Amino acid sequence: MHMKDRIYTNWRCEIGADGLAWVTLDKPGESTNSLSSSVIDELARLLDDFESQPPKAVIFRSGKAAGFIAGADIGEFSGLDTAEKGIELVGRGWHLFNRLASVSYPTLALVRGHCLGGGLELALACRHLLVVDEPSTRLGLPEVMLGIFPGWGGMLRLPERIGPQAALDLMLTGRTIDARKAKRLGLADECVPPRVMDSAAAQLVSSGQARRRLPLLQRLLDGPGRALVASGARKQVARRARIEHYPAPYAIIDIWERHRGNALAAPELIDGIVRSPTARNLVRVFFLQERLKAFGKGSSFEAKRVHVVGAGVMGGDIAAWCAQRGLTVTLQDQGIERIAPALKRAYSVWGQRIRDERERRALIDRLIPDPEGHGARIADVVIEAISEDLEAKRALLARLDGEIRPDAVLATNTSSLSIEELSPVLARPERLVGIHFFNPVARMPLVEVVSAEGTDPEMTQRSLAFVRQIDRLPLPVRSAPGFLVNAVLGPYMLEAMRAVDDGIAPETVDEAMRAFGMPMGPIELVDMVGLDVAMAAGRSLAGKTAEPPRCLAERFAAGHLGKKSGKGFYDYTSGRANKAAAGAIPAGLAERLVRPLLERTQQLVDRGIVADTDLADAGVIFGTGFAPFTGGPLNYLRSQHG
Amino acid sequence: MGFEPVYVVDGARTPFLKGRNAPGPFAASDLAVHAGRALLIRQPFAPTDLDEVILGCASPSPDEVNIGRVVALRLGCGHKVPGWTVMRNCASGMQALDSAIVNIRSGRSQLVLAGGVDALSHAPLLYSPAMVRWFAQMMQAKTIGQKAGVFAKLRPAALFSPVIGLLKGLTDPVVGLLMGQTAENLAWRFGISREAMDAFSVRSHQRALAGRAAGHYAEIVPLVDTQGRVYPEDDGVRADSSLAGLAKLKPFFDRRYGKITPGNSSQITDGAAWLILASQAAVDRWRLEPLGRISDSEWAGLDPAQMGLGPVHAATPILGRHGLGLADVDLWEINEAFAAQVLGCLAAWESDEYCRENLGLPAALGSLPQDRLNVDGGAIAVGHPVGASGARIVLHLLHALRRAKARRGIAAICIGGGQGGAMLIETV
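So the sequence lines, in the order shown, correspond to chains W and E.
If you read the first sequence in this note's numbering, its first letter stands for residue 5, the second for the next number, and so on.
If you read the second sequence in this note's numbering, its first letter stands for residue -13, the second for the next number, and so on.
Heads up, a few of these hints could be off.
[Said to hold, decoys possible] Quick list of in silico lysine-lysine cross-link-like pairs, DSSO-like style, CA-CA up to 30 Å: (1) E:Lys234 with E:Lys154; (2) W:Lys348 with E:Lys4; (3) E:Lys66 with W:Lys308; (4) W:Lys583 with W:Lys239; (5) W:Lys571 with W:Lys583; (6) W:Lys567 with W:Lys348.
[As the list claims (entries may be wrong)] Not everything, but these chain E residues come out facing chain W in the computed CB check (under 10 Å): (7) Asp16; (8) His20; (9) Ala24; (10) Arg28; (11) Arg60; (12) Leu61; (13) Val207; (14) Leu209; (15) Gly214; (16) Arg215; (17) Pro348.
Keep in mind the hints are simulated off the structure, nothing from the lab.
In this text the structure is predicted, and so the values were computed from the model without any measurement.
We put the CB at the ideal spot given by N, CA and C, even for glycine.
Could you put the whole structure together from the sequences, leaning on the hints where they help?
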């Protein structure tokens, strides 16, 4: 039998004159490869075939431009309704990759583009791992972000390959690394440019080279030193995730420490993780994120130039972020002195984040100070981010409307004014959209794309595509005070301040919500937003008649504006809040504080501000950091009643 | 009668930043990019619509050797727009304009970004040939013993006395004179006094300050460095420049006995200047509104030891071709490499003997009215980033002519090595 005669649906096998088998994964009808059950089954058959007639060596590669393998097929997770199915799923990959790891002929994974989760576990089971030095090459085991663990050998082989500390760090954070880092860590044997990847793969797999041995210290840590490493890792994780919210990272440490990475040795752990509400909810969050991403696909619009007016913190950060995402950006404000601080901030962030000097220089070149606003005329997207002053914004938008290209997106980053108030000054009011970023732009994944009654759908589509282009998650919302995110945060922060008025210490209020799973307490959030902003927002959201919380009004009257003034509910030294220890948390406090947020979210869905409950959950999670393991506020509400 | 005019559509430059004994905040390509991008965003065409980018630079650093191409790519002109670099010492920027003119007139290009740049504060320190030989031996040494042998031959004196690249550039390689010494020659020949030079220099600073106050330096695009510091204007212009102050400075080039001091010389400076040049067809296609046009240009050669008289040799034939006298030109820019050198040019034109013997004229050409010369100051005040100056004076002259509602001007520059360049500029 000749290998090339065998027909596989997902795999292609070509044997060259030199006897090397090039095995290409190319799932039909998909733009990326995932390890679905049919891919796994076929790989098993392929290994059977190789067993009957061993090739000289095998090179695994991808037929997709996007990358190697994105991971397991997450869609199959939803069918795991019994403990047996979970164990069966883990066992399938675990046994197959063990078999791959023990074949007699040399194997190599040629990794170009993403290589994640099960994809990396496959690559780790090969004798050699070759990475292609391109920015799109990313390797990692991000299972923990879906509330599960890398059960197909990742917990066994990654520590063996790069040492337990680096491996645990990758598995517990879910973070990915680039090709060069993979080489540095010893994960990859070699890192080469695409022009020589094929010949490098052929040479490396035929070299007869054994894999690099771990340094002695790392071998000790992966052996007798395990308990020590595990306890250090548990402490690290405890700082970021509570076990009752996120059991998976703790399970990863346990399985590595006690079972050498073999989850099958701890079936009770498998069931506790795979069928946990956390895993179910995190998988749900993953699909919500995919849904937000898909909003960008409704238009082929692709911006090349962006013009931002207003070089304050928001405008400057939006401009810098767009430049970082490859766009040419002109940044306008009244005079170069007003623009310079924004440039300084961008340069300093890039100085830390962007290692490559040429790339950094290219970013600096693309972010162009433009005090006279010449860039507006040629921009594809024009974003207004000046102070929240209705008349100033109207005057600016009217002027821009006359200058910019008729097909350009004209957007406001307003958080407190409505599209309807701003758009009448335009010749075509329907062109105005809201593109509402959150602070800090580089860290907040969500961007609200706001349309009003009558907004040109084409402009909304373009805005959504633009937000995706700069790698943010677009959420379409209707124009209404506070849109979605600020509208749900308002009553939540208000209730938190009422609790302070009731005599509960701010520290206790914050701790209650952190224990609930929020990334930051509501009182600290008020300090960060600014007490002045909270006062103003309170008035516009709650109406002028509502009394502001006493604790807020008093501090505001005393001139304490929060983090920016160094004093608010907390005192700040070098940007950090000085908090006293939290008191005992009164029973039901978290429920009391979160209820207004849940109710407001439901109201906004009912009023059509956001299209459905899933999108509301997505928006609140990605816009506020609302405890992701709950699956979002409305999912949480349902689970409480369900 | 010169040539078909080539239009100047627009132009911009960086502030000229004085060298302060350490590399300045911007590399040469940074300066050219920052001025160029600000110029390009205000055009009705995209950077990719340019036909070519030509940049004059006397001392590009080793990592930006063809700096014209580096800058074109960094400006977003795309892979398809060619970029190249020209070098004619102090007239490199003017050479870039002239090269653009030639290509536009030949029909090869319609729309060209041309200018000049230098970051003299980044001029390298070089190893002496002795040190280079030592490194070569070290590279060839294979064994530790051989390496030790070569190491023992190292002479610290050679290691710690690098060749200063900038001084090399400012020394005539044929006659071996520093540029300032060639200016001393002119002072000697025409009897120019130290007081006259210093007075000329004080006036240059005063005119630059007055020009700045009157808004005559709108050609400058402010720079922001990586620390967020803003550089809004030329930083070598001194409000406190005075005759008494300048009189205290010691002669620098012919020490003790000479007259040329740092105070009556142009300043070592970093800067870039750009112009956009266009054919009639490009003007029509993009509906450009030209500032003016360059109607004629001329290059001349003369004794390197007298290089400062280059403007006389280059401008005189242009005047002849157009039937003009010195006073028929509304405004003049003669680059101020040295006060003695500009004053020497004026003296040469006033000298029957010089004009007869060197310019083939029957008698002296006459006097150039100084109220028409460098009306907003010159390189003594604003600085002389060698490659950029030729482009700067053409750009500034155009704006000055338009402000004065005048018609015609000549920009001329002296060139180390014994050359001169000049361009006849007209408003439209």
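Inset, instruction - Taking the numbered hints from earlier one at a time, note which ones the structure violates and give those numbers from smallest to largest. - result: Of the numbered hints, just 17 does not hold.
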